[in-house]
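Trainee: Quick mapping for you: the protein sequence lines, in order, are chains B and C. Those letters in the first sequence? Residues 14 to 326, per my numbering, in order. Those letters in the second sequence? Residues 30 to 392, per my numbering, in order.
Errors might be hidden in some of the hints.
Computed beta-carbon distance windows for the label pairs [unchecked claim]:
(1) Glu173(C) / Arg231(B): 21 to 31 Å
(2) Phe233(B) / Glu173(C): 46 to 56 Å
(3) Tyr155(C) / Arg231(B): 17 to 27 Å
(4) Asn44(B) / Lys170(C): 46 to 56 Å
(5) Lys147(C) / Lys323(B): 21 to 31 Å
(6) Ser202(C) / Ile113(B): 31 to 41 Å
(7) Val129(B) / Lys147(C): 49 to 59 Å
Cβ-to-Cβ under 8 Å is the rule here; a few derived chain B residues that face chain C [stated by the list, open to error]:
(8) Arg231
(9) Phe233
(10) Leu240
(11) Met244
(12) Arg279
FYI, nobody ran anything at the bench for these hints, they're computed from the structure. From the three backbone atoms N, C-alpha and C, an ideal C-beta is built for every residue, glycine too.
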Amino acid sequence: MVESKHKWKAWLYLSPAIILLLVFTVWPIINTVRMAFLENYNSMGAVGGKIYAFGIGNFKQVLDYKLFLNCLGNTMLLTVLTVPLSTILALLIAVCLNAIKPLQRILQTIFFLPYVTNSIAIGMVFAAMFNMVGSAFGGENEIVVTAGIINNVIEFFGGEAVNWINAGSTYAANITVMVVYIVWNALPFKILILLGGLQSINKQYYDAARVDGTRRSRVFTKITVPLLSPMLAYVVITGFIGGFKEYSSIVGIFGEHMGPAGDAKRLNTMVGFIYDSLSTQQGRASAAALILFGIIFVVTMINLYVSKKKTHY
Amino acid sequence: MKILLQNLTKIFPGRGKKNTQEVIAVNDFTFEIPDGKLVGLLGPSGCGKSTTLYMISGLQKPSGGKIFFGEDDVTELSAENRGVGLVFQNYALYPHMTVKQNILFPLQNLRGEDKLPKDKMIERAYYAAKLVQIDDLMDRKPSELSGGQQQRVAIARALVKMPKVLLLDEPLSNLDARLRLQTREEIRRIQKDTGITTIFVTHDQEEAMSISDLIVVMKLGVVQQIGKPQDVYDDPTNLFVAKFLGTPPINVFTGKVSGGKLFIGDAPVLDVPGVEDREVTVGIRPEGFVLDENGPLVCGLNSVEVMGRDVSVVCRHENAVSPVIRAIIDADNKVAAGETVRYTLKPHKVFLFSKEDENRIRF
Ligand SMILES: Nc1ncnc2c1ncn2[C@@H]1O[C@H](COP(=O)(O)OP(=O)(O)OP(=O)(O)O)[C@@H](O)[C@H]1O
Ligand SMILES: [Mg+2]
């Protein structure tokens, strides 16, 4: 047969990609699983010829670790808050953008700008914006810290400055800043996808809906949202996956200490936990990575199951 | 309910630098559509049929003129509140809803005193579905239906709120020949049953002729002629209308009138009393030819096509505008094999048109 005759050629063409995948994706995955199930695994020890027993000790260790539960909590909280919020906001903005004809191109570009900007850099800008007005040290050697624009605005309207991210700030304030930043950061991609989806909806459905005497709110809920549901599902699923991998946004605002000064690691996430363990406790890091994978897998399966029932293709 | 269109005009403004030319899609359209009639809106592509329909439905605002439903001026009324039923050129069924949900949708939009209880809605939906014989497909999605079934769903959706006006935009264009025939009869039947004033857009003249009470022939936004299908066919006001109606199409010749006789080439083919001497364009319907060994019109014979009851004689003439002319004659008449055929003409099947403005010259 012609097919089998040319099969080796196909393999040949694919081989660079396959080799790269094997070396940089498949092997690390296998290795991660291996390390996760070797008790107290540590690469220095392994190089030194130490033999590790097989077991689930790493997982126990991870779950017993108070810090891990903290990281898990932070990750879950940020994901649950930011995914729905950013999706709804992106949907509204996309619908509005789609409705206006003049300036649409320019506005589209403006909304897309954050996507092409480095998130650490944006984080630093946000950190500056949310900075506290006031003094860092009391008494004579008082240093006036840069006033953040957010607090300036709050004070302009007669409110009291909030300590968002500086030493002594509350957890709620920290999370608020993170939610604002993550949502803002997530918008461009979502708007882009949803706007593309909106523009591909046949205008005739809207004409038909008008002739059928449909109110605007019903057009939105009964026509726009269902017809956009494949894109919405995509945006939500990737949003959840991204949310569980949250890390660099926190670094962007709070630095690598993952928390306000004086309370390091307060906002640490799952990925942060894995990074922290990586240098010394590779076994623990691997176990945590597998747990994270498990969570993402389950959540994605639930997402897919729900979206299959709800979306129209 | 009767519909009155008064000097209806639609101008699409030119836009940008490249496209400065404005388009007059509909130009000064005045017409009263009698209550309960089916009107066929007919014309070549781009002549403004859809635009007229969209203005009646309220989806597009007229640039000028007025629209009355009964005695009410609805020109400023939005589409949502006009309550017409519209079947789109490509149906525009909501793809995410089942047939039932599609048909129910217009009813669920009703508000205030028009609002129906749920069981009443279902009842109405099934009534509309039965009317177009799709009540066994209610739980399918539009993508699971054939073109003809989709079209009927679209009609049911347009009918379900019992509109006073039903507008159909080339509803048969996606169907195969047999289904077209079948569905156009169905549309006619539904329209007769419900008595809804209906406007039916098509560029297929046969379709319009076969089911319409009245036809409106349009060209480049301008109405050419309005009348009963047979009247328009028998008495076209200009060459465009004559050419547009009839299959096979009318045969066009160049000719001249001299001394009350019509000449095609050098042959005097017909007496045309009362027409002054001039150059004319002659239109002869295919059924206007009568085989006659001594007939004045001599044509070169190409072929003879037997079509059951009739015979189509394909021939040529140097004064014909198109390379072939077709004559339809009774199958009983034998066409003698040979180089030429000769015809006399039926006077009421021959139309004269001015060479300058293509308007009809009556005799
Ligand atoms: N939105 C628009 N902007 C500018 N010109 C338009 C617009 N819509 C239609 N036209 C023009 O108006 C004219 C009439 O269009 P219309 O759609 O009414 O034609 P139609 O008779 O329905 O043709 P068809 O048989 O192809 O459907 C055409 O010349 C078309 O190019
Ligand atoms: Mg059209």
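Trainee: Hint by hint, note whether the structure agrees.
Mentor: Against the structure, the hints come out as follows:
no. : hint                              : verdict
1   : Glu173(C) / Arg231(B): 21 to 31 Å : holds, 25 Å
2   : Phe233(B) / Glu173(C): 46 to 56 Å : violated, 26 Å
3   : Tyr155(C) / Arg231(B): 17 to 27 Å : holds, 23 Å
4   : Asn44(B) / Lys170(C): 46 to 56 Å  : holds, 47 Å
5   : Lys147(C) / Lys323(B): 21 to 31 Å : holds, 23 Å
6   : Ser202(C) / Ile113(B): 31 to 41 Å : holds, 34 Å
7   : Val129(B) / Lys147(C): 49 to 59 Å : holds, 51 Å
8   : Arg231                            : holds, 7 Å
9   : Phe233                            : violated, 13 Å
10  : Leu240                            : holds, 6 Å
11  : Met244                            : violated, 13 Å
12  : Arg279                            : violated, 45 Å
In the structure shown, a violation is registered for the earlier hints numbered 2, 9, 11, 12, in ascending order.
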